[in-house]
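S.K.: Read off the chains here:
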Amino acid sequence: MTPVNHAVEIRDLHKHFGKLEVLKGIDFAVDPGQVVCVIGPSGSGKSTLLRCVNLLEQPTSGRVVLEGVELTDRDVDIDAARRRVGMVFQQFNLFPHMTALQNVMIAQRRVLKRGRAEAEKIARENLEKVGIADKCDAYPLQLSGGQQQRVAIARALAMNPALMLFDEPTSALDPELVGDVLTVMRKLAEEGMTMLVVTHEMAFARDVADRVVFMDGGVIVEDGPAAQVIGEPQHERTKSFLRRVLDPTHTDV
Amino acid sequence: MTEQSTPAESAGPAGTPPGRTGLSPRKKQQISRIVQYVALVAVVVFLALRIEWGQLAENFAKPEVAAETLPDLFTVALKNTIIYSVGGFFFAFLLGLLFALMRMSSVRPYRWIAIAYIEIFRGLPALLIFLLILFLPLALPGFEVPGGTYGQGILGLTIVGSAYMAETLRAGLQAVPKGQMEAARSLGMSHARAMTTIVIPQAVRIVIPPTTNQFVSLLKDSSLVLFLGVSGDYVELTKFGNDMASTFANATPILVVGVTYLLVTIPLGYLASRLEKRQARGR
Chain A
1 MTPVNHAVEI RDLHKHFGKL EVLKGIDFAV DPGQVVCVIG PSGSGKSTLL
51 RCVNLLEQPT SGRVVLEGVE LTDRDVDIDA ARRRVGMVFQ QFNLFPHMTA
101 LQNVMIAQRR VLKRGRAEAE KIARENLEKV GIADKCDAYP LQLSGGQQQR
151 VAIARALAMN PALMLFDEPT SALDPELVGD VLTVMRKLAE EGMTMLVVTH
201 EMAFARDVAD RVVFMDGGVI VEDGPAAQVI GEPQHERTKS FLRRVLDPTH
251 TDV
Chain B
1 MTEQSTPAES AGPAGTPPGR TGLSPRKKQQ ISRIVQYVAL VAVVVFLALR
51 IEWGQLAENF AKPEVAAETL PDLFTVALKN TIIYSVGGFF FAFLLGLLFA
101 LMRMSSVRPY RWIAIAYIEI FRGLPALLIF LLILFLPLAL PGFEVPGGTY
151 GQGILGLTIV GSAYMAETLR AGLQAVPKGQ MEAARSLGMS HARAMTTIVI
201 PQAVRIVIPP TTNQFVSLLK DSSLVLFLGV SGDYVELTKF GNDMASTFAN
251 ATPILVVGVT YLLVTIPLGY LASRLEKRQA RGR
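Protein sequences appear in the order of chains A and B. In this text, residue positions in the first sequence follow UniProt numbering: the first is 1, and each later residue adds one. In this text, residue positions in the second sequence follow UniProt numbering: the first is 1, and each later residue adds one.
No lab work stands behind these hints: they were computed from the structure. These figures come from a predicted structure and were not determined experimentally. Honestly, I wouldn't trust all of these hints.
To be verified - Here are a few chain A residues that face chain B, going by a calculated C-beta distance under 8 Å:
1. 54
2. 56
3. 93
4. 111
5. 159
We put the beta carbon where it would ideally sit given N, CA and C, even for glycine.
Produce the entire structure from the sequences given, and follow the hints as far as they go.
M.R.: So, in structure tokens, the structure goes:
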């Protein structure tokens, strides 16, 4: 048995979509309380990696171990395991037929079987935490993108997850709304939440992440402290990616 | 375009000026409109002179005969039409949902069964289905449709409606974005739980306008109950109108029944298009 010292551990993970190999043997782990940002060009497999962690994508081979429970075991209770992992999507994916409050309550009620009063209390606390307590009764379509994403974060937090996954949480937002969401995420990180974040926000990665992982072509190219990977990248691929992202008007076309 | 080749006109920077020969487009339009009005008036005058209005009114709109249809027109006939079509719609919806889910099932034989059912019953005339139900006791001795005459009528409409409903609901289920299922699963919901609390409620909302139209169509198809040989307290609008027309040897009841159908179908059609517009705005 693996000793329970990693929040999540990934060993030799491969994922094929038909003939296309998107992940070509990923090894890495996130420790409790760590914030890990995954950066890399589009098509590098970062989102697929994230989606393999809670098995929204079924890995072709390899192991994913969450708090000592192997998720890639065919007989694992995947629904029980997913309760421990919160996920925030690029497109928010709020339930449009429910109010913000109902969005945060529904899984507590139906999955954790919490009573109405308790679920509502926890929902309100979490909505308060992400700064939209006053929008409890609004439907998702009445909210801005930034507000919707914060409701989505509250919805995931209400399940008391051990690990939070963020899949490009600010990529679908108007630029002036990105800050609201990143601030909530930073607060969460400061409170000690274990987080795995796929992002293009280099400032967030540099300031908040304990570790930054650079992926390209389905493999991890570089993995280390944020200051090192972003500040002094070792590999040519990392350097050229960062040049393009940090100085987009001076790329070699 | 022949004007363009006349050398006398010098081409300006914007090309040759438009020719002034013949009628202007505005004049042509005017003439065309006058012709249309003249044609309309001619047809109206012809009909007004040709039709014997007295005889027509005598046969189709005789107030004494119309009065005879009351109150049974509403208390029996319309009531039964609504019982047959609401009952048929209710079960068609349930059965349609079942077949829509089977059609999308990962179990292959379920998909085959659903496809076969949908293709067969979508392709058969509604009248044929009612005739089949009529002969059901012969095919299955000892079998009786529960609910008697109501049961038979509702069964017929259920079969007629469910195949269409299955396809409509499948489209609705597929119109719910994939991210909804993913979000629900990532919160620890099982597939079945995610379907019932997240996907199906949204799909139902999406299909409300088309199913309203399907209800209107079932309401009209309920006239086929006529062929089940219903009588007395079980007659619906069309059978009622037909019987009354025979009794009085006068077509007025049929016209009255037609108007009664429209009293229900026109508001429903209007409602469906309003719901459609609201949905188009909401999404």
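S.K.: Confirm or reject each hint.
M.R.: Hints and how they fare:
1. 54: holds, 6 Å
2. 56: Nearest chain B Cβ about 6 Å off; hint holds.
3. 93: holds, 4 Å
4. 111: holds, 4 Å
5. 159: holds, 6 Å
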